[in-house]
Amino acid sequence: QETMKLGMVAELSGPGAPAGTNWRDGIKIAVEEINADGGILQNKVELIEYDTQTDPQVSRALVQKAIDEGAFAILGTIYSGSTMVNMLVAQQNSTPQFVGSEAPSIVEKGNPFVYRTSSGAQKGVPALTAYFTDTLKAKKVGVAWVNNEFGKGGRDVFVEEMKKAGIEVIADVASEQAQTDYAADVSKLKEANPEAVFVYMNQEESARFLIEAKKQALPMPLIGEVTLTEAKVIELAGAAAEGAIAHVGVTATATDVPGIGDFAKKFEETFKRKPTHDAIKGYVGAWTTKYVTELVGKADGEAFAEKMHGLCLKAADYPKILLDTCWDENGEMSRPSFMVQVKDGAPVVIGTVPAN
Amino acid sequence: MSAPVLSVRNIEKSFGGIQAVRGVSFDVHKGEILGLIGPNGSGKSTLFNCILGQLAPDAGEVHVTGRNVSKMRASDLNKLGVGRTFQQLSVFPKMTVLDNIILAGQEHHGTMLSRLFGPSDAGLTQQAEQLISFFRLTHLRDTLAGSLSYGQQKLVDAAMALMAGPSLVLLDEPAGGVNLTMLANLKERLVTYNAEHGTTFVVIEHNMEFVMSLCTRIIVLAEGHIIAEGKPEEIRANQTVIDAYLGG
Amino acid sequence: MKRWLRPLLLVLLLALAIIAPLGQGNYIVYTLTSWLIFSIAAMGLNLTLGYAGQISLAQASFMAIGAYTTALLTLAGWHWVLAMPLGLILCFAVGLLLGYPALRVKGHFLAFVTLAFNTLVFLILRNEEWLTGGSYGLVGMPRPDFGLFSTMKQLPFYYFTLGITVIASLVMWGIVRSPWGRAFKALRENPVRAESLGVDTRRITLLAFAIGSVYGGLAGALITPLVQFIEPGSFGVGHSLRILLMVVVGGAGYFFGPFLGAGVVIMLPEMLRFTAGYYLIIYSALVIVMLVFVPSGLIGIGGRLREKFRPRREVRADMREGARLQ
Amino acid sequence: MLELKDVHGGYGKITILNGVSFSVPKASITTVIGPNGAGKSTVFKAIFGLLNIQSGQILLDGKDVTRQKPRQMIAHGVTYVPQGRNVVPQLSVYHNLELGGITSPDQARVRERIEKVMDQFPMLREFRNRKAIELSGGQQKQLEVARALLLDPKLILIDEPSIGLSPNLVQEVFQTLMRLRDNGVTILMVEQNAKAALAMSDYGLVLELGQTRMHDRAETLLGDPRVGQLFLGGHVEGIA
Amino acid sequence: MSQLLQVLLSGLATGSIYALVAIGFTLVWQAAQTVNFAQGEFVMLPAFFVLVAMGYFGLPFLPALLVGLVLSVLVLGVLFKKLIAEPILPHGGITLIIATMALGIFLKESVKEFYSAEAQPFPSMFPNDPIDIFGAVVSLQDLFNLAISLGVVVLLTLFLNRTRTGRCMQATAQNPAVAEILGVDVKRMILYTFLINAALAALASFLITPVYLAKFSNGETLGLIAFIAAIVGGFNQIRGALVGGLLIGVLDNLTATYVTAQYRAALPLVLLIVIIMLRPQGLMGTSEGRSV
Ligand SMILES: Nc1ncnc2c1ncn2[C@@H]1O[C@H](COP(=O)(O)OP(=O)(O)OP(=O)(O)O)[C@@H](O)[C@H]1O
Ligand SMILES: Nc1ncnc2c1ncn2[C@@H]1O[C@H](COP(=O)(O)OP(=O)(O)OP(=O)(O)O)[C@@H](O)[C@H]1O
Ligand SMILES: [Mg+2]
Ligand SMILES: [Mg+2]
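Chains as they are written, first to last, in the numbering used here: chain A, 12 to 367; chain B, 567 to 814; chain C, 42 to 367; chain D, 4 to 243; chain E, 45 to 336.
There could be a bad hint or two in this list.
Calculated pairs, DSSO-like style, for lysine-lysine (alpha carbon to alpha carbon, straight line, at most 30 Å) [as the list claims (entries may be wrong)]: (1) LYS16/D - LYS231/E; (2) LYS285/A - LYS354/A; (3) LYS194/C - LYS16/A; (4) LYS231/E - LYS349/C; (5) LYS231/E - LYS147/C; (6) LYS29/D - LYS126/E; (7) LYS175/A - LYS277/A; (8) LYS753/B - LYS198/D; (9) LYS16/A - LYS325/A; (10) LYS72/D - LYS660/B; (11) LYS645/B - LYS194/C; (12) LYS349/C - LYS660/B; (13) LYS331/A - LYS39/A; (14) LYS8/D - LYS349/C; (15) LYS147/C - LYS637/B; (16) LYS349/C - LYS72/D; (17) LYS8/D - LYS126/E; (18) LYS194/C - LYS309/A; (19) LYS660/B - LYS147/C; (20) LYS126/E - LYS231/E; (21) LYS231/E - LYS66/D; (22) LYS660/B - LYS126/E; (23) LYS277/A - LYS325/A.
Hints are computed from structural coordinates only; laboratory data are not their basis. Remember, predicted model here, so these are calculated numbers, not experimental data.
Chain A extracted, bound-state conformation (with noise of 0.2 Å):
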């Protein structure tokens, strides 16, 4: 019996570090499942950590390492900037690579390489769309977000949403990553009085955010996409993330989907914290590169492009891909997803969002 290199390239350490631990952590259960599980064609799986700081020219050059070290696949990064540089690599190689990265652009560079375990920012605000004209029937509305290549992906695609749905953007609010007085940005809303934000942050920006807005009692509803009802950020923010309403691709709370619950129960054993949609992603790839690989029958990073593009796995045959999943000829993934509430403290999923 043999061993497969699996190489994990993230943001261990630097700004990027919760994402990236996160990331691993679901990778590391995953493997030990897939082991227990026989490997991968009946070969034991290794996985081979590197953390990028959060720096690209480093990721870049981690990623030649990772593929210099023999990795049939890479798992990461996450931050869109690394991603950018280092998935060029991984395409001169012909080494497929799962990525926790949301910016549209990603998919956008004809790489057949590169592949999602989450829907881009550019497939996930639109799912919420339906919300903000349905459901809420606003006219009005503002955006918050923070001014990194993340945030600056999801505010782009939200503004551009509204405009086809015919809904005024009257607050646009831009914030530093790791900013920590948002004391400003939530006067600004405040006095614009739109009739719902868009919140586009990371986990503590969010937090944060959230009890800024209570100190000074926004009352419009606060939306966002995945990070704003997070577990973690309950946590940090309290009773000020009591309301917020958040899309969400995949989320540890539907636990009544079964591998949903079944990972997050596991996780919850090993690492004593609660999982984030990033450690799902992670999951999620770490499986999908098993499944994929299997199908074609051997590790070739070409054979392996092919079959991906247009891929759709069923959560009945596949379980642990967790939801029925589809990715494009671009890489993109798709899958349904769910809308979720902070109530008492709790994220409670108040509907489903079908593929789109």
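Based on these hints, arrange chains B, C, D and E with the ligands on the given structure of chain A.
Chains B, C, D and E with the ligands only, in chain A's frame:
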């Protein structure tokens, strides 16, 4: 008679309430060795700093060979041939003695660009070594100037002021800490310069033997004013000066 | 050091640099290349900080200017050889500009001004999307092709960078051993005295910044084809601090300090990677330990060791001349 | 009182002192002379614990004090006024003076003494609230000398007090030192202003190349033609 | 109107936090003539001591705070001084600055590896009740922060300038050679400096973390902004840190609200550069005196 080498007109300088220099004027002519003495804090060093552009005077003008240099920067003034030393030791501590002295001369040779492409010592090693050996520092040529003894640094300082071959030199306490034998050599050297090149000197000094035997004329400053002026023997006999400065 | 030892050592080092990447994986070659590039950037800062004593926390922003200029021009179809000099000229001009505050403020105030400048450059790169691609960065810059010699592959690109590093070092060597070098040091040690000796401290200060910046720009111009992707985040204040770290760890004010420093800052984490999550902890601890034991930088380590194992006593130099009073 | 026995020492690997031996009797003034770079200041540093002593012994009242720390030397009743400028730049003149008596348990007495020395050097009173750095060179030196008088030392090491002081103040300082000697304080002084210094001293010490060359009564040294020729400016050597 | 008031008040509240951290910079400068680039991490760490004391040892909040304070003083004060500051200080400021940069990485990464990479909530010492002032909202916590930084500035200024120990500390920083010759216990003065600094960092940590959340990377931005605040205020005056901190807090909020959010980090910097150019010694700083 030609224009004085240095003409100081009505210089005033105060520091937040303290009037250090209160309207001082004097002329120095070519070939003179002028002594500037006065009690501690009478404004001598401040006057030097105003003359040489290290401090901006509140009022007054300075002329060097007839040219108004009041607003001129110290480096340009130096290029006009005005050299100086500071009262406080001011060698470049982490450079060798040789480098210290070459530096003092290099800016007077060639242009900025020619210095970049020319020889690394600007052709000054020999001249610098002569000065070094004159001040009995040959064995310290490649030592960092900061690890010299007080008196030795004082000598390097003086050598630096002389290196560029200036026509007017202002020395602030050149004798302090220098061994008497070496001081006699220094005096000899200043006199030789003065005689051979007509170099003009203005010297602040508290060592009366040195001042009285070196200078051709002396100005006494007290509380920012000139209180006396004259030949050394006149000053030595002047009762005001004795009371204010020399002591009984 | 004996007279023949130094050239011999240099030839040896160069030979080492030539054979080092042979037979290594792409990753090692890539890392060696970034070592050379950061050595260039650190060499520039070493001039500004180590020789001329002007604190600058903005070296990364000059890398950015060099990198973006080269990137935009090569993307527009220019050859690197034409794009790079333009970047350097721009860096020289901006470096002069940044030097102006240094004429007025010193020490930590200067540190602040340069730091603010770095932040400003970062924000412009991020916000002016029409030009710089904003936070998405620029991607797909070609590596220079010289007809017979194409640098597309990792190894040729390494030799290309090595060549440029050698040229840059020779030029730097020329500068620091010329009278300019002496004037830079004089500025560091005692600007008032230097001014009184005819050193035009204004001009020398500005030059210290401008030349140092050009080296930053050159490093940036090389990063562009190396990584083939640039984004504002790679040129933030943190990266300036990292270059500062290289200079001090190597030995500020010593010619070879930057090479050592860049080596440690870039290679050491690579070597420690086997320790998984702990490598940054170990790395930072090692840096601290090193500074405690050789505060003058790694370059001083040889002397320290010699001192330790072969302690020598020297008699005072004037003993030879003999006493005059017996 | 103070005795040095064959002291060797220096900076880093360079040995500057090559066997310095002498003794200083109690309640006397000894002036050290010698060319620039002879090692005069280095001897003071060696005594006060600021130098790396390679071999030899320093005895104070018969007790071995070799390699003791400056703070211990102060506790033994030794104070030191170094060459050059040595003030705390951003503190006021008064607070600089106060630091001179910082080790004394009796602060009331220190305050009294500060008033006394300010009588002696009126400039200090006038400028008591100014920052020390703002003073002129000579004013800073006065501050330093005054600061050394605030404790009741047994032994004062004073390195070229005359640098920068106007002639009347030099006389004032010398007289103060003589008064102190008459009260039983021992004084070891370096002076280039050697004729005046030797004239008020009991003993003289000639140092050259880090070795003691002569050690005798001050009058004897003043009268010695070799000393006069070599160190007191009696003769101008050929100019190189 | 109420928006302007809100922005000003919030700016002051944030500014007082910056001030509290900035004081550490000026203190270390005044007493050791160096810059502690790990200051931000010094403020990040104590909160984690408290979390460990509460989480792993089950202590209630107040005793845990006490444990946090003691540990901070030991680790950031005593250990820092003995292992890093003392050996490196004699070799000049810049070397120590670099060492503290490395220390910053060390602390940050250690917390991340041994505690958590994720942000943690942190309980507040003071009630977080909102108070309405003419339509603008501040929390009680904000008011306490402001009052405490004011108090610290006054106390420290008095200590440094009015007590003999304080002056000995200044003497040690400004001219250690002279201090030593005069019999000042130089090592002890340095120890005092770092002890006070550590205690201050712990205090700042306990006040800030409820708002900022406990996270290993908090020190980066905080340290940088506080450094800038200290400089702008004039490095050599404790009260400068307060003025600098408040100024930056207010400017930042005003810029973000009324001018540009994209460049909110830049505009205050540009203004501050202008200030520095006009007053090179900083807003509250005094000039260092004659140089010739
Ligand atoms: N930068 C300054 N700030 C405040 N006061 C100053 C400054 N420079 C000089 N002074 C004051 O101005 C007066 C004159 O000082 P200056 O240094 O010119 O004296 P001096 O004649 O050279 O004395 P000395 O013989 O002691 O060197 C002194 O009272 C001094 O305290
Ligand atoms: N810090 C130092 N490092 C290395 N060498 C030094 C240091 N200080 C002094 N020296 C050397 O030691 C020798 C003696 O110096 P010292 O200061 O004792 O001389 P000195 O007799 O006091 O001279 P001066 O009359 O000039 O004050 C000199 O040759 C000097 O170069
Ligand atoms: Mg003077
Ligand atoms: Mg001496």
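Evaluation of the provided hints:
1. For the suggested pair LYS16/D and LYS231/E, the alpha carbons sit about 26 Å apart, so the restraint of at most 30 Å is met.
2. Of the supplied pair hints, the one linking LYS285/A and LYS354/A holds, its CA atoms being roughly 18 Å apart against a limit of 30 Å.
3. Straight-line distance between C-alpha atoms of LYS194/C and LYS16/A comes to about 25 Å, which keeps the hinted pair within the 30 Å bound.
4. Restraint check for LYS231/E and LYS349/C: satisfied, since their Cα atoms lie roughly 26 Å apart, inside the 30 Å limit.
5. Straight-line distance between C-alpha atoms of LYS231/E and LYS147/C comes to about 28 Å, which keeps the hinted pair within the 30 Å bound.
6. Restraint check: the Cα-Cα separation between LYS29/D and LYS126/E comes to about 41 Å, which exceeds 30 Å; the hinted pair is violated.
7. Under the criterion of a C-alpha separation no larger than 30 Å, the hint pairing LYS175/A with LYS277/A is inconsistent with the structure, at around 43 Å.
8. The straight-line distance between the Cα atoms of LYS753/B and LYS198/D is roughly 18 Å, inside the 30 Å bound, and the hint therefore holds.
9. A C-alpha spacing of about 26 Å is found between LYS16/A and LYS325/A, which places the hinted pair at or below 30 Å, so the restraint holds.
10. Of the supplied pair hints, the one linking LYS72/D and LYS660/B holds, its CA atoms being roughly 27 Å apart against a limit of 30 Å.
11. A C-alpha spacing of about 55 Å is found between LYS645/B and LYS194/C, which places the hinted pair above 30 Å, so the restraint is violated.
12. In summary, the hint linking LYS349/C to LYS660/B is supported, as the alpha carbons are separated by about 23 Å, within the 30 Å threshold.
13. Note on LYS331/A and LYS39/A: the hinted pairing holds, with a Cα-Cα distance of about 14 Å set against a maximum of 30 Å.
14. The straight-line distance between the Cα atoms of LYS8/D and LYS349/C is roughly 28 Å, inside the 30 Å bound, and the hint therefore holds.
15. In summary, the hint linking LYS147/C to LYS637/B is supported, as the alpha carbons are separated by about 23 Å, within the 30 Å threshold.
16. For the suggested pair LYS349/C and LYS72/D, the alpha carbons sit about 24 Å apart, so the restraint of at most 30 Å is met.
17. For the proposed pair LYS8/D and LYS126/E, the alpha carbon gap of about 36 Å is over 30 Å, so the pair is violated.
18. Note on LYS194/C and LYS309/A: the hinted pairing holds, with a Cα-Cα distance of about 29 Å set against a maximum of 30 Å.
19. A hinted pair counts as satisfied when its Cα atoms are at most 30 Å apart, and LYS660/B with LYS147/C qualifies at roughly 19 Å.
20. Using a Cα cut-off of 30 Å, the hinted pair LYS126/E and LYS231/E holds, with the two alpha carbons roughly 10 Å apart.
21. Of the pairs offered as hints, the one joining LYS231/E and LYS66/D holds, with about 26 Å between alpha carbons and a cut-off of 30 Å not exceeded.
22. With a C-alpha separation of about 29 Å, the suggested pair LYS660/B and LYS126/E falls inside the 30 Å cut-off, and the hint holds.
23. Between LYS277/A and LYS325/A the CA atoms are separated by roughly 22 Å; this keeps the pair inside 30 Å, and the hint holds.
Checked against the numbered hints given earlier, this structure breaks hints 6, 7, 11, 17; the rest are met.
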